[in-house]
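Assemble the whole structure, with the sequences as input and the hints as a guide.
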Amino acid sequence: MQVLNCSTKLLILEKMLKSHFPESLKVYGAVMNINRGNPFQKEVVLDSWPDFKAIITRRQKEAETDNLDHYTNAYAVFYKDVNAYRQLLEEHGVINWDQVFQIQGLQSELHDVSKAVADSKQVDVKLASFKATCLPPISAADTSFLMNSSLQLTYLSVADVDLLNQTWSRGGNEQCRRYITNLISCFPSVCVRDDKGNPVSWSMMDQFATMCHGYTMPEHRRKGYNRLVILTLARKLQSRGFPCQGNIVDDNITSINLAKSIHSDFLPCRFHRLILTPPAFSRQVHL
1073 MQVLNCSTKL LILEKMLKSH FPESLKVYGA VMNINRGNPF QKEVVLDSWP DFKAIITRRQ
1133 KEAETDNLDH YTNAYAVFYK DVNAYRQLLE EHGVINWDQV FQIQGLQSEL HDVSKAVADS
1193 KQVDVKLASF KATCLPPISA ADTSFLMNSS LQLTYLSVAD VDLLNQTWSR GGNEQCRRYI
1253 TNLISCFPSV CVRDDKGNPV SWSMMDQFAT MCHGYTMPEH RRKGYNRLVI LTLARKLQSR
1313 GFPCQGNIVD DNITSINLAK SIHSDFLPCR FHRLILTPPA FSRQVHL
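So the mapping is simple: the working numbering equals the position in the sequence shown, first residue as 1, plus 1072.
30 angstroms max Cα-Cα, derived DSS-like pairs, lysine-lysine:
1) K1133 / K1152
2) K1125 / K1203
3) K1203 / K1332
4) K1332 / K1295
5) K1308 / K1268
6) K1193 / K1133
7) K1308 / K1090
8) K1114 / K1087
9) K1187 / K1114
10) K1203 / K1114
11) K1203 / K1295
Calculated directly from the structure, the hints in this document are not laboratory data.
Here it is as structure tokens:
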């Protein structure tokens, strides 16, 4: 195991990962954020350098942590050799198996290999799998339909955290509330607000440079706000060099149709998120 903490090598790694799209997208996004101030206190672990076969991005050991916070205790994985990934998982000190955490990646063997190692440690694994998308370069979104309304196109604020925590399918708990606060504070977001300043529609970027929590309040749906928010955020991310990646649940037909209408590419690989829970926390974790 090597911890890659040289800024020059991390910039080289960022460029190297581009040649392994789309499977490397989650690790690439995490490395991009590390190279741009590292607001989530991440680091890169790999089997060797520069001829690596497996990479894991993880929370820095010195960062404060909550053992129940699988939102923040998150690992991204990319491997050229699945056996090298398994060896990293099994190596002492690479993964903190004594807390609830998640693993993200875009490779088909990710679940089976991770589960095999987790089973040997009596750690429970819950898998969620999604369609993976990526937006091509886009021009500025059309905001003309807001001109004659009281709506305003702006960004999210930490004052919006409670609403976002309540409306996110993964939310509703204190760990998620704290995580959303950090996302809003650290990364780009876009929000449409009504004349009272209340959020109507929004989306933001996460620690892996993925567009997430796209949501429109029920009474404001079918008005084009979600499309506007996504295209505006995508344009903002692209201007900063980030890929515009997203994940969609298989049965979310509305989001799938929207992705098609804005010419998103549906990637050949799927996005996998594993939530791993040690026995000590099996009755406390919010999934």
